[in-house]
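Line by line, the protein sequences are chains A and B. Numbering-wise (my numbering), the first sequence opens with residue 132 and increments by one. Numbering-wise (my numbering), the second sequence opens with residue 149 and increments by one.
Treat the hints as calculated values from the structure; they're not laboratory data. Be aware that one or more of the hints could be misleading.
Between beta-carbon pairs, the in silico distance windows are [claimed, not checked]:
(1) Ser238/A - Gly353/B: 52 to 58 Å
(2) Thr196/B - Ala222/A: 20 to 26 Å
(3) Arg287/B - Ala222/A: 42 to 48 Å
Quick partial rundown of chain B residues pointing at chain A, CB under 10 Å, derived from the structure [as the list claims (entries may be wrong)]:
(4) Tyr204
(5) Thr226
(6) Ala227
(7) Val236
(8) Val341
The beta-carbon is built from N, C-alpha and C at its ideal position, and this holds for glycine as well.
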Amino acid sequence: MKTILIVDDESNMRFLHRMILESGGYEVIEAAHGAAALERAKESPPDLVITDLMMPVMSGRELIERLRADPVTAGVPIVIVSANPRSVLEAADAVLGKPYDPDELLSAARSLTQDEAA
Amino acid sequence: MKRWATGVTELDLVLDGGLPAGSLVILAGGPGTGKTILSQQICFANATPERKAFYYTTFAEPHDKLVRDLEPFEFFDTAALEERVELVNLESLLTDAAATDGEGLAPAVTEIVRTCFEQRPAIVVVDSVKALRDFAGERAVRRMFYELSGRVAHTDSVLLFLGEYREEEMQGYPEFSLADGIVQLAYEPYEPVDRRWLRVMKLRGSNHLGGKHPVEIDRTGIRVYPRMESLRPGKASLGGGRLTSGNPALDEMLGGGIPIGDLTAILGPSGSGKTIAALRFVAQGLEEGERCLYVSFQEDGDQLVKKAASFGWDFTAARDDGRLLLYHLPQGLFSLDALGAAVRDGLAAESVHRVVIDSLAELVYAARETERFPTYARQLAAFVRAAGATALITSQTATLGPLTEPAGSTSFLFHNVVLLRYIEQESEIRRALSVLKMRDSDHEKGLRQYVIDNQGMRIGDKLDDLTGVLGWSALREGGSTG
Numbered sequence: 132m133k134t135i136l137i138v139d140d141e142s143n144m145r146f147l148h149r150m151i152l153e154s155g156g157y158e159v160i161e162a163a164h165g166a167a168a169l170e171r172a173k174e175s176p177p178d179l180v181i182t183d184l185m186m187p188v189m190s191g192r193e194l195i196e197r198l199r200a201d202p203v204t205a206g207v208p209i210v211i212v213s214a215n216p217r218s219v220l221e222a223a224d225a226v227l228g229k230p231y232d233p234d235e236l237l238s239a240a241r242s243l244t245q246d247e248a249a
Numbered sequence: 149m150k151r152w153a154t155g156v157t158e159l160d161l162v163l164d165g166g167l168p169a170g171s172l173v174i175l176a177g178g179p180g181t182g183k184t185i186l187s188q189q190i191c192f193a194n195a196t197p198e199r200k201a202f203y204y205t206t207f208a209e210p211h212d213k214l215v216r217d218l219e220p221f222e223f224f225d226t227a228a229l230e231e232r233v234e235l236v237n238l239e240s241l242l243t244d245a246a247a248t249d250g251e252g253l254a255p256a257v258t259e260i261v262r263t264c265f266e267q268r269p270a271i272v273v274v275d276s277v278k279a280l281r282d283f284a285g286e287r288a289v290r291r292m293f294y295e296l297s298g299r300v301a302h303t304d305s306v307l308l309f310l311g312e313y314r315e316e317e318m319q320g321y322p323e324f325s326l327a328d329g330i331v332q333l334a335y336e337p338y339e340p341v342d343r344r345w346l347r348v349m350k351l352r353g354s355n356h357l358g359g360k361h362p363v364e365i366d367r368t369g370i371r372v373y374p375r376m377e378s379l380r381p382g383k384a385s386l387g388g389g390r391l392t393s394g395n396p397a398l399d400e401m402l403g404g405g406i407p408i409g410d411l412t413a414i415l416g417p418s419g420s421g422k423t424i425a426a427l428r429f430v431a432q433g434l435e436e437g438e439r440c441l442y443v444s445f446q447e448d449g450d451q452l453v454k455k456a457a458s459f460g461w462d463f464t465a466a467r468d469d470g471r472l473l474l475y476h477l478p479q480g481l482f483s484l485d486a487l488g489a490a491v492r493d494g495l496a497a498e499s500v501h502r503v504v505i506d507s508l509a510e511l512v513y514a515a516r517e518t519e520r521f522p523t524y525a526r527q528l529a530a531f532v533r534a535a536g537a538t539a540l541i542t543s544q545t546a547t548l549g550p551l552t553e554p555a556g557s558t559s560f561l562f563h564n565v566v567l568l569r570y571i572e573q574e575s576e577i578r579r580a581l582s583v584l585k586m587r588d589s590d591h592e593k594g595l596r597q598y599v600i601d602n603q604g605m606r607i608g609d610k611l612d613d614l615t616g617v618l619g620w621s622a623l624r625e626g627g628s629t630g
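The whole structure should be built from the sequences, with the hints applied where relevant.
As structure tokens, then:
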């Protein structure tokens with residue numbers, strides 16, 4: 132089973148992400164900000180990171196930079212889910228606006244984890 | 149003292165120039181009073197990519213809902229989120245804090261202070277700070293405010309804390325004594341329409357404007373109308389001289405015209421020609437190349453232009469090129485301070501020579517704040533004088549019988565009073581006018597008959613040999629009925 136790390140400072144958003152992704156057959160782990168997510172990703176690199184941008188302690192931008200800079204996590208695909216969908220970062224593999232269509236999230240997850248069966 | 153503008157010009161006036169850098173300000177008010185809108189407006193007014201604004205939420209609206217609700221406002225720019233304005237939720241830090249009891253709020257405090265020092269934002273908002281009370285006791289809250297106000301004082305940032313505090317809580321909670329500023333927003337019933345207001349209860353190091361300042365919320369965001377009585381008009385520097393009213397006979401009665409800077413009342417019953425006299429006053433100004441401001445309650449701009457045209461006075465060109473400013477204030481949505489703002493705006497925009505307010509009675513009745521009226525009118529007059537303008541204010545009196553005025557006797561507020569009357573003479577209702585008073589100037593004491601035709605008000609000779617015309621009827625000297 133593929134593992135997805137969801138990073139968002141709002142617990143309601145984490146709840147929604149989890150519900151959608153678990154319905155698609157993914158294992159989900161959570162972090163409330165970039166620093167917590169970085170720690171978890173280094174411990175055990177997930178198959179995909181879905182992150183917000185604006186968060187306390189460490190922003191999504193900094194999280195992405197650090198994940199990309201570390202050889203252990205550099206290859207992990209990243210999806211940004213943001214209130215401002217136009218703020219596309221080249222370092223990310225996909226960007227979704229809030230609120231998003233659940234099918235879009237699942238579709239992005241399937242495509243980036245190369246998990247046709249999930 | 150360095151200050152950050154709020155993005156609401158009139159609020160900056162109330163705040164003595166804006167929010168002081170390095171201060172902690174509480175924005176308190178019940179639900180629906182506009183706290184979120186105002187704070188976001190302040191964020192967008194100041195945020196740049198180099199100096200972002202940070203909007204921390206605790207247990208308020210979800211961010212996507214917040215964005216959806218704010219998108220209709222012109223100041224709000226979704227594309228600028230993250231680049232200029234960050235929406236950040238403190239929930240995870242507060243959940244951790246709940247388990248640590250007395251130290252409850254420390255992680256949130258650290259996050260806010262770190263942001264202030266590292267990112268150097270102009271504005272940091274916490275929405276809602278009152279929710280933090282659910283995560284810590286009284287001592288921890290006091291400590292949080294103590295630490296935040298002390299640390300933020302060493303930065304350029306303004307910490308704006310939003311909270312749904314009740315009046316009694318504002319008197320007793322420690323955060324209100326520790327805060328550098330307290331701005332209260334309120335929403336209260338005021339039939340037929342409710343009204344909002346804002347009050348600055350405290351702002352350290354500032355000479356802010358006291359009192360309740362009316363607030364409106366529209367697509368542009370929050371609008372504040374500073375209370376007229378709290379404003380400080382500049383000093384008048386009038387060079388003397390007189391303006392012509394546009395009616396040579398009236399000028400003669402006034403001893404040579406209206407002294408520049410004076411506030412002149414034209415009192416009279418409905419249909420006696422007050423508006424016509426006011427329009428003539430404006431027409432004369434426009435003919436002399438002056439700028440004029442006309443504030444009306446009854447007729448809107450188009451109706452006034454049409455009415456003036458029916459007497460041969462063409463206002464169209466002056467209205468189009470900005471020499472004539474027409475403000476129509478519909479009843480029901482009216483506030484004394486909104487009118488004050490309209491007049492001050494008109495006076496400030498460019499040099500205005502003549503101001504008309506048509507009419508005082510509607511102003512008083514619409515505002516329903518008669519107790520404010522004498523001080524308010526004095527302030528209005530002071531602004532007009534300070535701008536070097538001359539004002540003419542119409543006011544309704546009873547149709548027949550002894551003179552009655554709105555809001556009690558207001559004649560003392562005016563430098564000059566012209567009285568229009570209906571009189572019964574030889575079994576006919578006719579019109580007559582007199583100059584009731586002029587301050588520091590001689591004037592004609594007699595009564596003159598006038599008619600209204602397609603050229604406006606035509607004033608005739610003095611009515612001799614009549615007495616009693618200020619009562620119910622005119623009598624010829626000698627006792628026979630006039």
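Checked hints:
In this structure, Ser238/A and Gly353/B meet the distance hint of 52 to 58 Å, their C-beta atoms being roughly 56 Å apart. With their beta carbons about 24 Å apart, Thr196/B and Ala222/A fall inside the hinted range of 20 to 26 Å. Between Arg287/B and Ala222/A, the C-beta spacing of about 45 Å keeps the proposed range 42 to 48 Å intact. Look at Tyr204/B: its Cβ gets to within about 7 Å of chain A, closer than 10 Å, so that hint holds up.
For Thr226/B, the interface hint holds, since its Cβ comes within 10 Å of a Cβ in chain A; the closest pair sits about 6 Å apart. For Ala227/B, the shortest C-beta to C-beta distance to chain A is roughly 5 Å, which falls under 10 Å, so the interface hint holds. A hinted interface residue such as Val236/B counts as satisfied when its beta carbon comes closer than 10 Å to some beta carbon of chain A; here the least separation is about 5 Å, so the hint holds. For Val341/B, the interface hint is violated, since its Cβ never comes within 10 Å of a Cβ in chain A; the closest pair sits about 34 Å apart.
In terms of the numbered hints stated before, the structure departs from hint 8 and from no other.
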